[in-house]
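Starting from the given sequences, assemble the full structure and let the hints guide the process.
Chains as they are written, first to last, in my numbering: chain A, 1 to 406; chain B, 407 to 812.
Everything labelled a hint here was simulated from the structure, so no lab data went into it.
For every residue, glycine included, the Cβ atom is placed at its ideal position computed from N, Cα and C.
One or more of the hints may lead you astray.
As the list claims (entries may be wrong) - In silico contact screen, one side only, chain B against chain A (beta carbon under 8 Å); selected entries:
(1) Phe456
(2) Asp551
(3) Ala624
(4) Leu682
(5) Phe714
(6) Val738
(7) Lys741
(8) Ser809
Protein chains: 2
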Amino acid sequence: MLHVKTPEEVLALIECEFHSLGAAEQVCLVDAMGRCLAEDIAATEYVPDFDRSTVDGYAVRARDTFGCSDAIPAILPLQREVLMGEGAEFELNAEECVAVPTGGAVPRGADSVVMIEYTEDYGDGTIGIAKAAAPGQNMIFRGDDVYPGKVILRKGSVLSAQDIGALAAIGRVQVPVVKKLTVGVISTGDELVPPEAAPGPGQVRDVNSPMLEAMLTAFGAKVINYGIVVDDEALLSSKMTQAAAECDAVLISGGSSVGVKDAACRIIESMGRVLLHGIAIKPGKPTILGKAGVKPLVGLPGHPVAAFFVTKLFVLPLLDRLMGKKRERYTVTAKIAESVSANHGRAQYHCCRLERKDGQLIAYPIRGKSGLITTLAGSSGYFCIDRDCEGLPQSAGIQVTVSTGD
Amino acid sequence: MLHVKTPEEVLALIECEFHSLGAAEQVCLVDAMGRCLAEDIAATEYVPDFDRSTVDGYAVRARDTFGCSDAIPAILPLQREVLMGEGAEFELNAEECVAVPTGGAVPRGADSVVMIEYTEDYGDGTIGIAKAAAPGQNMIFRGDDVYPGKVILRKGSVLSAQDIGALAAIGRVQVPVVKKLTVGVISTGDELVPPEAAPGPGQVRDVNSPMLEAMLTAFGAKVINYGIVVDDEALLSSKMTQAAAECDAVLISGGSSVGVKDAACRIIESMGRVLLHGIAIKPGKPTILGKAGVKPLVGLPGHPVAAFFVTKLFVLPLLDRLMGKKRERYTVTAKIAESVSANHGRAQYHCCRLERKDGQLIAYPIRGKSGLITTLAGSSGYFCIDRDCEGLPQSAGIQVTVSTGD
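The following block contains the structure:
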């Protein structure tokens with residue numbers, strides 16, 4: 001019999017037992033959104049590749065404007081105009097100026113741009129500059145943004161829209177990303193019927209496989225849903241073996257009867273090794289984690305609420321680990337609307353609804369008997385009461401993990 | 407000339423000028439993940455449809471156990487056993503018990519279940535009960551979770567994995583969701599080349615259209631990317647008209663030269679109405695919002711960083727509005743690592759990187775000249791310095807909006 005482990009011990013075990021699978025593929029730029037970067041990305045060229053103006057105005061040598069003012073403008077002949085999208089492959093003459101648009105190229109020799117607002121076109125081929133320019137003013141210099149060799153994104157990051165923008169800027173239109181994991185989902189239980197079926201006496205619909213499929217798909221995995229398998233050890237074993245052959249990880253949920261709980265454990269043992277049996281959280285205690293080769297096999301509780309928390313808290317970090325994905329999970333601060341008592345000795349997780357009142361977030365714990373799926377529906381997120389804590393008084397500050405796709 | 411509006415005024419204008427388009431479609435359960443619910447969802451049946459045990463044990467009439475203890479167990483004949491997934495369409499005899507598994511059906515007449523841990527099977531057809539049961543104990547009653555007519559999810563919610571679970575529980579396998587919006591994206595600028603091209607002198611790669619396409623796709627829109635259009639008013643006008651005919655909303659970014667800025671405004675005016683020209687934020691001031699019929703036409707700044715903020719702050723809420731989507735955007739509390747000065751009179755947005763130190767989140771503002779796309783790359787999120795604020799001292803508490811898919 002294995003010891004029940006604390007959440008911290010489970011996460012440490014995952015770090016220790018599982019490692020990045022390392023498989024990568026190239027995808028095109030827009031498809032890289034939300035994917036995990038498989039290697040550091042360094043620029044191979046300068047961005048911009050030329051000195052650029054950040055305003056509409058006149059490129060000058062700053063020293064030619066020193067001392068000028070509204071009263072005594074510096075009067076500089078207009079050497080020429082640079083158009084948008086055109087190079088400026090010439091040298092600015094001393095004591096002259098060149099008209100440049102925002103984003104336009106600035107000629108050699110110019111070290112600053114005076115905004116058009118501070119100038120006057122006298123119409124005789126000269127421009128009056130009413131404000132002295134400081135060197136570097138209103139310019140982006142070649143390579144200010146990136147230069148060859150500069151690492152702009154790190155391996156393991158989950159690519160955001162702004163990262164896609166940065167990749168576009170450096171011309172990286174094929175992006176090396178970690179391959180999607182294939183995760184197998186199996187539900188077991190003689191009482192289960194598929195969601196589309198009408199349950200007969202003593203039957204309920206299978207909640208876990210569609211819920212897990214949705215969660216894992218949003219996480220970015222490919223899901224093979226093996227559907228419902230009856231509580232028969234030989235059948236379960238053969239389905240688990242098939243899933244382990246076809247997938248990178250297998251989740252089996254249910255098996256709530258005593259005999260079958262042991263069966264899941266025996267099957268995982270026969271396929272490889274059981275790493276833990278039981279986690280000190282509520283709900284979610286009867287969880288099994290094992291591995292067959294490098295592949296995790298997870299026995300999730302049958303209760304949908306328990307299966308939900310175990311997947312959020314341990315399975316997704318485990319899948320992150322397999323992908324080498326670096327990801328922070330942030331929480332928001334809220335005040336709890338009513339007191340909640342806790343169970344000694346186990347970290348206790350509660351779903352809640354968040355509402356903003358007078359600029360403050362208020363968390364309403366969703367109460368209900370364990371096993372009620374509606375304690376999840378419509379919730380904004382969840383919070384945890386530590387195992388050492390006897391409960392939370394009304395208005396206590398809590399950290400809420402907000403529901404997102406995964 | 408229209409007044410520059412504050413962010414609050416812009417959001418109020420969006421509320422006032424745009425409304426839900428109302429188009430809905432049915433999708434299957436797992437595909438409903440992340441979609442916006444088009445109507446309230448009420449249950450049409452009881453879940454569970456029978457009284458259920460939450461433990462492995464014996465269903466009893468609680469009063470038959472009153473007064474029992476370890477020393478003096480109540481001895482009840484085992485009437486029969488209910489198997490998992492089988493109905494219990496019979497009545498429990500008085501002063502007898504029925505074996506039930508976790509999740510199994512409990513017969514009529516039973517009002518509680520005693521956990522197997524507190525019982526002993528004497529092997530002679532009787533069971534010893536060592537702990538008195540309270541009525542209702544260890545049971546979920548018919549309809550405890552949902553009953554016909556109970557609204558479990560509200561119109562406008564973005565469906566999470568747990569909501570998919572709740573829909574599965576009530577057998578709602580076809581889900582009415584709001585149709586995806588089709589959003590057209592146009593980049594304009596004579597200096598722009600596609601990301602896959604090598605920029606010539608004075609040219610830069612188009613960052614905005616792939617960045618916006620990624621952001622809008624993650625938001626849940628279909629994107630038609632019209633690519634780059636040169637700064638020519640007639641061409642732009644014809645492309646905008648085509649996009650407005652094909653899409654629910656059109657974003658045009660760029661047009662940074664003075665003449666073209668006016669062109670975008672004139673084109674939007676000619677297609678419908680300009681609602682605002684200029685927002686009091688930095689970066690992002692030169693933004694145009696208009697409408698043609700019920701369709702928004704947005705002129706975004708050409709600077710990628712400005713286009714990013716305007717899209718996050720105003721375009722996505724506008725698209726939420728068109729979908730009737732109710733969504734909270736939460737922020738996390740962090741301490742700023744270094745002081746940041748601010749511009750008077752405009753709300754100022756900064757990207758930052760978050761790091762956890764001693765359990766506290768530290769925000770490192772990403773500095774750089776405006777227009778550098780790498781000030782976005784790898785950032786964890788962003789924060790705002792209010793227009794009335796002169797800057798933030800080191801270690802000030804700030805609210806960071808964390809980067810997510812959309």
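These are the hints, each one checked on the structure:
no.	hint	result
1	Phe456	holds, 6 Å
2	Asp551	holds, 4 Å
3	Ala624	holds, 6 Å
4	Leu682	violated, 21 Å
5	Phe714	holds, 6 Å
6	Val738	holds, 5 Å
7	Lys741	violated, 13 Å
8	Ser809	holds, 5 Å
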